[in-house]
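There are 4 protein chains.
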Amino acid sequence: MIGRTHGIHAEPITLGLKLALWYEEMKRNLTRLQRAAEEVSVGKISGAVGTFAQISPEVEAYVCEKSGLTPDPISNQIVQRDRHAFFFVTLAVIASSLEKFAVEVRHLQRTEVLEAEEPFTKGQKGSSAMPHKRNPILSENISGLARLMRSYAVAALENVPLWHERDISHSSVERVIAPDATILLDFMLARMTYILGNLCVYPENMRHNLAKAGGVIFSERVLLKLVDKGLARDAAYRIVQRHALKVARNGGDFRQELLRDPQVRRYLSERDIRQIWDLNNYLKNVDSIFERVFH
Amino acid sequence: MIGRTHGIHAEPITLGLKLALWYEEMKRNLTRLQRAAEEVSVGKISGAVGTFAQISPEVEAYVCEKSGLTPDPISNQIVQRDRHAFFFVTLAVIASSLEKFAVEVRHLQRTEVLEAEEPFTKGQKGSSAMPHKRNPILSENISGLARLMRSYAVAALENVPLWHERDISHSSVERVIAPDATILLDFMLARMTYILGNLCVYPENMRHNLAKAGGVIFSERVLLKLVDKGLARDAAYRIVQRHALKVARNGGDFRQELLRDPQVRRYLSERDIRQIWDLNNYLKNVDSIFERVFH
Amino acid sequence: MIGRTHGIHAEPITLGLKLALWYEEMKRNLTRLQRAAEEVSVGKISGAVGTFAQISPEVEAYVCEKSGLTPDPISNQIVQRDRHAFFFVTLAVIASSLEKFAVEVRHLQRTEVLEAEEPFTKGQKGSSAMPHKRNPILSENISGLARLMRSYAVAALENVPLWHERDISHSSVERVIAPDATILLDFMLARMTYILGNLCVYPENMRHNLAKAGGVIFSERVLLKLVDKGLARDAAYRIVQRHALKVARNGGDFRQELLRDPQVRRYLSERDIRQIWDLNNYLKNVDSIFERVFH
Amino acid sequence: MIGRTHGIHAEPITLGLKLALWYEEMKRNLTRLQRAAEEVSVGKISGAVGTFAQISPEVEAYVCEKSGLTPDPISNQIVQRDRHAFFFVTLAVIASSLEKFAVEVRHLQRTEVLEAEEPFTKGQKGSSAMPHKRNPILSENISGLARLMRSYAVAALENVPLWHERDISHSSVERVIAPDATILLDFMLARMTYILGNLCVYPENMRHNLAKAGGVIFSERVLLKLVDKGLARDAAYRIVQRHALKVARNGGDFRQELLRDPQVRRYLSERDIRQIWDLNNYLKNVDSIFERVFH
Numbered sequence: 001m002i003g004r005t006h007g008i009h010a011e012p013i014t015l016g017l018k019l020a021l022w023y024e025e026m027k028r029n030l031t032r033l034q035r036a037a038e039e040v041s042v043g044k045i046s047g048a049v050g051t052f053a054q055i056s057p058e059v060e061a062y063v064c065e066k067s068g069l070t071p072d073p074i075s076n077q078i079v080q081r082d083r084h085a086f087f088f089v090t091l092a093v094i095a096s097s098l099e100k101f102a103v104e105v106r107h108l109q110r111t112e113v114l115e116a117e118e119p120f121t122k123g124q125k126g127s128s129a130m131p132h133k134r135n136p137i138l139s140e141n142i143s144g145l146a147r148l149m150r151s152y153a154v155a156a157l158e159n160v161p162l163w164h165e166r167d168i169s170h171s172s173v174e175r176v177i178a179p180d181a182t183i184l185l186d187f188m189l190a191r192m193t194y195i196l197g198n199l200c201v202y203p204e205n206m207r208h209n210l211a212k213a214g215g216v217i218f219s220e221r222v223l224l225k226l227v228d229k230g231l232a233r234d235a236a237y238r239i240v241q242r243h244a245l246k247v248a249r250n251g252g253d254f255r256q257e258l259l260r261d262p263q264v265r266r267y268l269s270e271r272d273i274r275q276i277w278d279l280n281n282y283l284k285n286v287d288s289i290f291e292r293v294f295h
Numbered sequence: 001m002i003g004r005t006h007g008i009h010a011e012p013i014t015l016g017l018k019l020a021l022w023y024e025e026m027k028r029n030l031t032r033l034q035r036a037a038e039e040v041s042v043g044k045i046s047g048a049v050g051t052f053a054q055i056s057p058e059v060e061a062y063v064c065e066k067s068g069l070t071p072d073p074i075s076n077q078i079v080q081r082d083r084h085a086f087f088f089v090t091l092a093v094i095a096s097s098l099e100k101f102a103v104e105v106r107h108l109q110r111t112e113v114l115e116a117e118e119p120f121t122k123g124q125k126g127s128s129a130m131p132h133k134r135n136p137i138l139s140e141n142i143s144g145l146a147r148l149m150r151s152y153a154v155a156a157l158e159n160v161p162l163w164h165e166r167d168i169s170h171s172s173v174e175r176v177i178a179p180d181a182t183i184l185l186d187f188m189l190a191r192m193t194y195i196l197g198n199l200c201v202y203p204e205n206m207r208h209n210l211a212k213a214g215g216v217i218f219s220e221r222v223l224l225k226l227v228d229k230g231l232a233r234d235a236a237y238r239i240v241q242r243h244a245l246k247v248a249r250n251g252g253d254f255r256q257e258l259l260r261d262p263q264v265r266r267y268l269s270e271r272d273i274r275q276i277w278d279l280n281n282y283l284k285n286v287d288s289i290f291e292r293v294f295h
Numbered sequence: 001m002i003g004r005t006h007g008i009h010a011e012p013i014t015l016g017l018k019l020a021l022w023y024e025e026m027k028r029n030l031t032r033l034q035r036a037a038e039e040v041s042v043g044k045i046s047g048a049v050g051t052f053a054q055i056s057p058e059v060e061a062y063v064c065e066k067s068g069l070t071p072d073p074i075s076n077q078i079v080q081r082d083r084h085a086f087f088f089v090t091l092a093v094i095a096s097s098l099e100k101f102a103v104e105v106r107h108l109q110r111t112e113v114l115e116a117e118e119p120f121t122k123g124q125k126g127s128s129a130m131p132h133k134r135n136p137i138l139s140e141n142i143s144g145l146a147r148l149m150r151s152y153a154v155a156a157l158e159n160v161p162l163w164h165e166r167d168i169s170h171s172s173v174e175r176v177i178a179p180d181a182t183i184l185l186d187f188m189l190a191r192m193t194y195i196l197g198n199l200c201v202y203p204e205n206m207r208h209n210l211a212k213a214g215g216v217i218f219s220e221r222v223l224l225k226l227v228d229k230g231l232a233r234d235a236a237y238r239i240v241q242r243h244a245l246k247v248a249r250n251g252g253d254f255r256q257e258l259l260r261d262p263q264v265r266r267y268l269s270e271r272d273i274r275q276i277w278d279l280n281n282y283l284k285n286v287d288s289i290f291e292r293v294f295h
Numbered sequence: 001m002i003g004r005t006h007g008i009h010a011e012p013i014t015l016g017l018k019l020a021l022w023y024e025e026m027k028r029n030l031t032r033l034q035r036a037a038e039e040v041s042v043g044k045i046s047g048a049v050g051t052f053a054q055i056s057p058e059v060e061a062y063v064c065e066k067s068g069l070t071p072d073p074i075s076n077q078i079v080q081r082d083r084h085a086f087f088f089v090t091l092a093v094i095a096s097s098l099e100k101f102a103v104e105v106r107h108l109q110r111t112e113v114l115e116a117e118e119p120f121t122k123g124q125k126g127s128s129a130m131p132h133k134r135n136p137i138l139s140e141n142i143s144g145l146a147r148l149m150r151s152y153a154v155a156a157l158e159n160v161p162l163w164h165e166r167d168i169s170h171s172s173v174e175r176v177i178a179p180d181a182t183i184l185l186d187f188m189l190a191r192m193t194y195i196l197g198n199l200c201v202y203p204e205n206m207r208h209n210l211a212k213a214g215g216v217i218f219s220e221r222v223l224l225k226l227v228d229k230g231l232a233r234d235a236a237y238r239i240v241q242r243h244a245l246k247v248a249r250n251g252g253d254f255r256q257e258l259l260r261d262p263q264v265r266r267y268l269s270e271r272d273i274r275q276i277w278d279l280n281n282y283l284k285n286v287d288s289i290f291e292r293v294f295h
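Residue numbers (my numbering), protein chains in the order written: chain A, 1 to 295; chain B, 1 to 295; chain C, 1 to 295; chain D, 1 to 295.
If you are wondering where the hints come from, they were derived from the structure by calculation, not from laboratory data.
Treat the numbers as computed from the prediction; the structure is a model and nothing was measured.
Heads up, a few of these hints could be off.
The list cannot tell twin chains apart, which means a pair is met if one copy fits it or any two copies do.
Each computed SDA-like pair below joins lysine to any residue, with the alpha-carbon atoms no more than 25 Å apart [stated by the list, open to error]:
| no. | residue 1 | residue 2 |
| --- | --- | --- |
| 1 | Lys212 | Gly252 |
| 2 | Lys27 | Pro73 |
| 3 | Lys212 | Tyr202 |
| 4 | Lys229 | Leu268 |
| 5 | Lys284 | Cys64 |
| 6 | Lys229 | Glu58 |
| 7 | Lys284 | Glu65 |
| 8 | Lys246 | Arg233 |
| 9 | Lys229 | Gln54 |
| 10 | Lys246 | Pro203 |
| 11 | Lys246 | Asn209 |
| 12 | Lys229 | Ile45 |
| 13 | Lys212 | Cys200 |
| 14 | Lys212 | Lys246 |
| 15 | Lys225 | Asn285 |
Work out the full structure: start from the sequences and follow the hints.
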């Protein structure tokens, strides 16, 4: 399929690469989540200001062990809220990754692109007014929920600077965001798993879109080949850009344009150009990338 | 041009409508900005805690008048920071509007859509590696800057709850965000004005995209007409959806499909269907909308 | 009572001034809220992309009037979300004002200050472990809730840049923040009204705190008087600072220190100093400030 | 010194405990920072869309090694921005910890508390108008800067969901926040190190504040002792609260009150009460806490 930067066709990639990138990102997120969960998995029974004045550290150790928690090495009236802030900002990072995937699905499902679609149950209604529409509503939902997750992180960060041995202002915040953020992220993860596990993929449309711009996506290779054959980079850039933009704007076939240009032909033979027009050039390292991700 | 909801073709609109919607939004933003500027255009010379202990209110009145400010009716050591917070959140709203316009330009410039493009100076290089590309970098820049503007609003809101007759914690924040936020918004406005004032518009591509989906965008009108002629809404929806999704997925011509369906033809004559296929049905109220916006 | 800047005793004020400042701030907030409510009190029945393709503007006008809404002059599938963003950021400003009041109550209730306390029902338990404590938990609660309100504003701002004629990503956000933010602010306002309407005020402690620092709060007046009598400002500052810091740190009586200092006495008679030690000097303009606020 | 919760005197602690708590928190922050720095210390030279189409992975490996970076296992046009978001939210957590310490210094320096003060250079002016003041301006500065650091985190989180193989909207954000956030945090750390390394501590005032509330801080121990001797907890709570609140409000001596109450004396001997009035009861576990932090 075509790779896109700035929303514009760039160079060919594969759908597998796109997904492998996300897979690697979720590996990072899993590690982050485990560490963040560890950070808040501490307990304290050290009394009103953390001095163990009325109760001994042994009690704390005993209860924490029973609860699967580590005793916080030092606390005041509470476990310090930098731990929880770190937990919630980590959730916000994960949610933002999920939003990236969701935005991609929404883009791929656009009418003009249609390289993939969210699962759509047989018999499901689309738009109530417009029967022809299949809308990526699950992914749009995830986009919105990521905004909520980011906002919870803001509140959690403000919870850190409590007064003295504790003030209770963090409590009202946590009563809302602790259940809401964790339940929401669980929901988002489940929903994204469903979307990707049941994604409708349209290879025909990928091929069609790849071909679409008259071959201008090969422009970088033409440029490099011209330079390779001795043309100055700047001159080569101007020539390639002129042909490529003309085709991109007015239609036509980039390869034919090049073949017809005597200035180009001074450097490139028909065979040179045919060799450029080979998708495998772009994909020759895909396996080695996969190796790095899925080792 | 086609209107899009959820990124999917919906029903026809005009580019003028899109721009008129933004124009109306900027009218709101202008009013908001004027009010927010008024809110912070107050002065105070009421002494260390606001009591005019060493200096009389007349001095304040005199200096404020000379400075084009209104005397704050009551102050402590400073003008209260709810005024400034309101100012900065207002800037963030305006910046978010600008991001909406920027995102639209980025969408319209996508290779598959290409209904409009940012201005591109003759001779300007696009991507350094890929000569065929014209990237919407001005609009992408505005998208990013809007994030900064939103973040400044967060800091400004935290500046409100100062201690007693004033603590100075707001100062370090304002030394950064006051120049940065105001200069940035000015820059964003200038840049967006340039983009829209010099936007490249491609009516041919608009027409082409409109035609693209085999006419399924008329599905709502077919549905309503069927209901009008006596078919139950749910039954009508099923029929229309079946044809529309088939065409949207596999290509073909929605009108032909309908004409060939005996069940449809029981309710709709060829003339009925031809009448549906008229873009003017969609645009008949455009002028009256313009009247409301540009009165 | 003493006015405090940077948490340090500054110059005398009155509790009335503190409250009048808040009253003025809530006047601003009321105006802001009314405007923000107006901004979202619009309706639209303009169809799937805002063109009134299937329904006439008269229907919109009729329904809006019945619903007490103004027809939005122009819309696409929805009323634009800059209106809602403006509404939610306004709520966040108001909540931040409430937090300022709450922080003040928390400060005044500190054991060492104790100039005011939240209402405490007869028979109410304080800390479960420490029976001697009366904690400002209502105000602390408001402090926390203000963080939530600020965070909702962040999410609302991100809702503005929707795609084309609408994408539905804002919906999941609004299903959470629309009820939560409005209910929370209502709760905060009711709670703050209760706190301030039933605040326990301790004038004895105010007097005691005023006297506390050995009279150094009169330092600015001593400084100005010395300058007035011909001493250079910098020299005067050094003398006054030396006495004032000594008393503030080691105890003692600032007035006696001054009376005993021959250098001071070269400029100030006993009568001069007695005149400085008059709280009314600080409060002579209070009524005129009240006049400005409560006219 | 007295420990405070909700801003109210709770039970005795030591300054060492307060600082050890922060030390432990900064140990966590150091680990977090190292991990976050590792997350962004990756490089990529994988081409325009990450396929190594024109350049081999060996080049990436070579350059990364020379630059002290790890090759990102998979990338598209850029290293993914979840890495940077994680970095900036981590900085925001650290900054929020620093704000907690700063708020504590500001509290301890309050006129009524004055248990510690920021370093104040000999000859330094305080307030320009009020020579008697020494303001905690360094700590207030840190409080404000923490707001900026939190706001940068918000922008960094919004940078994650880029389009397809990259859009450049993150760039304008990072050009501002990357230098600003890292320089600011460095500055905050240096400033806080200076403040704590040169903090003025006033043990006399700590002792004075401890004694201040007529001994009511021993209320929890009295309560527990009464229960221990057979009185029902609720009854004991009522008695202790009555005496404690009376003393806290009207002055007097909590111990004397208890000694005079026949109901109390039915359970507690004079010796019992004297044993309660021993600060060492509160501090007996301090060393073992230190052991846990500084092992």
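Task: List of violated hint numbers, smallest to largest - done: none
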